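So the sequences go chain by chain: A and B.
1 is the number of the first residue of the first sequence in this note's numbering; add one for each residue after it.
1 is the number of the first residue of the second sequence in this note's numbering; add one for each residue after it.
Source of the hints: derived by calculation from the structure; they are not laboratory data.
Treat the hints with caution; some may be incorrect.
[Unchecked claim] With a straight-line Cα cutoff of 27 Å, these simulated BS3-like cross-link-like pairs (lysine-lysine) come out:
| # | chain 1 | residue 1 | chain 2 | residue 2 |
| --- | --- | --- | --- | --- |
| 1 | A | Lys136 | B | Lys7 |
| 2 | A | Lys91 | B | Lys368 |
| 3 | B | Lys7 | A | Lys137 |
| 4 | A | Lys136 | A | Lys126 |
| 5 | B | Lys369 | A | Lys120 |
| 6 | A | Lys120 | B | Lys7 |
| 7 | A | Lys126 | B | Lys7 |
Note that the coordinates shown come from a computational prediction; the quantities given were computed from them, not determined experimentally.
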Amino acid sequence: MNTVLEVKDVNMFYGSGDNKIVAVDSASLAVKRHELLLIMGPSGSGKTTLLSIMGCILYPNSGQVIIKGQVVIGSNQATGNPDRILPHIRKGNFGFVFQSFNLFPFLNAAENVEFVLRIKGHNRGKIRQEALGLLKKVGLENRAGAYPSDLSGGQKQRVAFARALAGDPPIILADEPTASLDSKTGLEVLGLLKLLAEEYGKAIVIVSHDPKAKAFAHRVVYIEDGRIRS
Amino acid sequence: MIWLALKTMRHEKVRLAITLTGIIFSTVLTLMQVSMYLGMMGNATSIIRNTDADIWIASRNVQNFDFAYPFSEEKLNRVRAYHDVLRADRLIMTWGFLKLADGGQDQVQIIGFNPDSGVGAPWSMVYGRPEDVKGGRYMIMDKTSEKRLGELRIGTLWELGGRKFKLVGLSNGIKSFTTAPIIFTSYEQAQQFQGFIKADQTSYIVAKVRDREKVRDREKVRDIVNDLKANMKDNDIYTKDDFGFKTVMYWTIQTGIGLGYFLTASLGLIVGGAIVGQTVYVNTMEHLREYGTLKALGARNSEIYQVIFSQVGISALIGFTSGSGIILALRSGVEKAGVSLYLSPALFLSIFVIVLGTCLLSAYFSVKKIRTLDPMTVFRA
Ligand SMILES: Nc1ncnc2c1ncn2[C@@H]1O[C@H](COP(=O)(O)OP(=O)(O)O)[C@@H](O)[C@H]1O
Ligand SMILES: [Mg+2]
Chain A
1 MNTVLEVKDV NMFYGSGDNK IVAVDSASLA VKRHELLLIM GPSGSGKTTL
51 LSIMGCILYP NSGQVIIKGQ VVIGSNQATG NPDRILPHIR KGNFGFVFQS
101 FNLFPFLNAA ENVEFVLRIK GHNRGKIRQE ALGLLKKVGL ENRAGAYPSD
151 LSGGQKQRVA FARALAGDPP IILADEPTAS LDSKTGLEVL GLLKLLAEEY
201 GKAIVIVSHD PKAKAFAHRV VYIEDGRIRS
Chain B
1 MIWLALKTMR HEKVRLAITL TGIIFSTVLT LMQVSMYLGM MGNATSIIRN
51 TDADIWIASR NVQNFDFAYP FSEEKLNRVR AYHDVLRADR LIMTWGFLKL
101 ADGGQDQVQI IGFNPDSGVG APWSMVYGRP EDVKGGRYMI MDKTSEKRLG
151 ELRIGTLWEL GGRKFKLVGL SNGIKSFTTA PIIFTSYEQA QQFQGFIKAD
201 QTSYIVAKVR DREKVRDREK VRDIVNDLKA NMKDNDIYTK DDFGFKTVMY
251 WTIQTGIGLG YFLTASLGLI VGGAIVGQTV YVNTMEHLRE YGTLKALGAR
301 NSEIYQVIFS QVGISALIGF TSGSGIILAL RSGVEKAGVS LYLSPALFLS
351 IFVIVLGTCL LSAYFSVKKI RTLDPMTVFR A
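The shape of chain B in the complex, shown without the other chains (with noise of 0.2 Å):
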């Protein structure tokens, strides 16, 4: 029956057109919404999935990673008592400011990370290596941030908060959901950074769990978050995923950036839903004598909804093959333009799924027309 379905598209090439266009159409923006609010979370929480550390530490009612509050830095060595904990380490998150050449300043968001463990560190190095922000005012800035702050050279001396530093290294790709500048520097470095942070602060510790059996790993991780919240009743402990969690729900919820995103994905599918199915049911509509006549020669129903659904899934892959076409091509424009995408053959394989579901959805009115379709009508002339 997919032979029939294919003798109708081709008889009806503007219909076709027009199916496709919605498709798209669907694909386009559901695609462009899903990528973005998954860039723009895999950014707010890349720190956290890319420090090695099994929980996360921080002052009470922290509400996501960029807004932390500094708490006493002595808390370190009760969580590094635990037998089970091989290593902990103080990470800071702070701002600053940063003077532009131009006389200007702009926010910059401070990461001081232990340089030693190198916990914390940036790790997409495309120069020099994060242990080089040892021993001085050094620190380490990403290529993403030169459409804001000009080209970055090595070398150079920037003042940060007022004091100079100098720049040692390059990171590319690491941006914060805030979408200020990241730095890294040394902990002792960011420590330095009155007036939001003490010097015997931290914003959060960091801490791995002692190599165990797998299967019991995340067991074992929250035994000790379980007991580290009995006992440090004036912090939040978080294990790594449960942190990230807290990040993108406070981002997606509390924002409403979640619910805008959503929103316009399912427009776009509901819009483009709607032009499917409204071109299926007018071409049913058209060839409703052909379809009887199917049922008088003997076509079972199933068989004639094949057709149709036919005729939808073909229109569904090729929509989607082609929005997914205009996305990439579109992707590297979209980055340059700062704004990251989240793309994955995970995600077009989820987002074909939805746009198909929505096509065959929308042939619903074609079939039941079909189902309740009187045989006898093929003798009327």
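Same shape as in the complex, but just chain A (with noise of 0.2 Å):
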């Protein structure tokens, strides 16, 4: 009753005839509140995919995607143009993270916390205590009005989960989170992820072929050729 997030039977391909690639096949996973899990797999596995069909932002050939025990992918009923209600599902319910950051270079790290806030509908006036809570939270609080181009790499990277956690959502995707990032400072940027799953409750998922990952995971599940071997 704790899962947050479930993919059933999803299979996506790229290409056709001879060109085509099954980046995933037959995928189904579950994740709970609390919990962190972890993806592992060589590149060209099929991580991104199925990060990006968990997160709604691709559409998988066939399969289903389940939020809260609610089918918003794949139920038999038509449901509409994907293209207008993806992206209400993703703002209700995600928080993401990438491997190269994706902070808008203008904005400073509180600013690039506060548009997420203002697409998300929060009241204007309370986006800046908002915002500076949330840096709080990832220990940033001092660097509020620095610029992406001030920050070190692991800096950059918890304005990225201040911005994710903004709008309180229940599920973080992680796509490589480690990977721009020095091994000491990833080993912290883990750590801050397992608190958030742990204190904060959120189910967090990480895509990652770095093995230091594993000890900060509370559950792993590798992929090969689009395929998920437990």
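Please assemble the complex out of the two chains, which come individually in their own frames, going by the hints.
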């Protein structure tokens, strides 16, 4: 009952005919609150594709995505134009963390968090306080006015976490969050993610091929050629 | 999302400067061309517009106000015979030579009006009254002719068509399309300019329709015009508006002037629009990852379009305001050089809408790029 995100029998392929690539092959997975799930696999095994489907960014060829018991992708009933529905689902349920941070270069740390709060329709008068509160959670309260170009890789990724936490989504998806960081900073960031799962009750999915990540995960699944092996 | 647009613009100062340059260029060129064109057309129709008459009767095949052919003034009685015609007057528009102090001559446009009724009289008098031309060889000249004729002093005698005329009044701002100085005199005196007009001829008959219920104004005028057309086969009969329009169309179409102004103004818009579109597109391409991130985080396409349109809209507003400022600053200098500019709030508003529309249109490729942007790109390293 604590399961917040589930994918069932998801398939995704690119191209067609001789060029057809099966990126995700009948994958099923579930993740619970307070859980940090690690998906590992070699490059090209379908990790990012699977994560995109879990995060309702990519519409799979078949299979279901279920959030808090509700089938949001692949239900039998017609649900309307996915281009309209999926952004709404993402806004309400997901925080994302990317390998290359994807911070707006012309917004400072606080503003990078603020703009997500704006998208999510939070009260304009309170978003500055909210953003500062989130930066505090990731230990960056004293760099609120710094621009990404003035932040270290670890600090940038922390801003990205604060942004992912904006609007308090139940699920956080992180694609190779340590790949752009040195190994010490990588460990700090993984520790922070684990904290977010345990202390704040988030369901966290990390995709990585970094073996260090295993020590922080509650559960590890392996993917190869789009197939999940536990 | 205006917030994000403002942040982007502040971050990209050089690009903002280029965008604004493009918009200012468009604004200045378009406003200048359109206001010059309207100024010229205003001059071309000024006497038609400022003469208190509903109906203009001209010779057959008249092309515009300045090129009138004389016809028998006897026809005046036929027009006056209409019950619904309150009054009708003769109005002469002819050409003459004015002898200059240095011994040279200048061609001038002579307007002969009825000083008793004041129909066709100069309207913006700075010295004297229109009726002062009555009873002799008296004339009224315009201040704007001073550039060409030298200082115009009241009471001086000028040789016009071989006769001495006394300057008894001055108007200001009455100019013709042809740029020839305009001289007002009485109808009787103007008729004496032998060669082009004969002593029993007029260039126009202008009539005012009797007062009646406002709603039926136009209809009544039309009825009389149609009736006159049937009865006066050798003449062209126009309502005031139609004659103004005919004159404008002549100068605009027949001479190709309109096309020239239209092309230059359009070119200004196209070049400006291309500059804006280009910088906005480069800006969009450079921030594609950020826009993809916006999409991944749940922003709808329309919200991202808002960011782009806000950038363009704010630029258009700033650029247009600056461009208008430049035009207003140049205005008096340009007018001193003898060019009439027609500038009104409605014109500024219309040109703003056009400039804004061009800028928004120029963002088309950026918007298209965003629409097809795959949010999965955000995962690429
Ligand atoms: N947009 C795409 N078009 C075609 N093939 C793709 C696309 N995205 C990914 N692939 C292919 O799908 C497979 C899985 O890719 P991906 O999910 O990125 O793997 P991973 O994240 O594990 O490296 C790879 O073979 C990759 O080349
Ligand atoms: Mg990947």
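Taking only the CA atoms, is the gap from A/Lys126 to B/Lys7 under or equal to 27 Å? holds (19 Å)
Between A/Lys120 and B/Lys7, does the CA-CA distance stay at or below 27 Å? Roughly 19 Å separates the two Cα atoms, so the pair holds.
Does B/Lys369 pair with A/Lys120 here, judged by a C-alpha cut-off of 27 Å? This hinted pair holds, its Cα atoms lying about 24 Å apart.
Within a Cα-Cα threshold of 27 Å, do A/Lys136 and A/Lys126 meet the stated pairing? Given that 27 Å is the threshold and the Cα spacing comes to 16 Å, the pair holds.
Sort out whether A/Lys137 lies within 27 Å of B/Lys7, counting only the CA atoms. holds (26 Å)
For the pair supplied as a hint, A/Lys136 and B/Lys7, confirm whether the alpha-carbon distance does not exceed 27 Å. holds (24 Å)
Pair hint A/Lys91 and B/Lys368, alpha-carbon separation not exceeding 27 Å: holds (23 Å)
Hint compliance for this structure: every hint is met.
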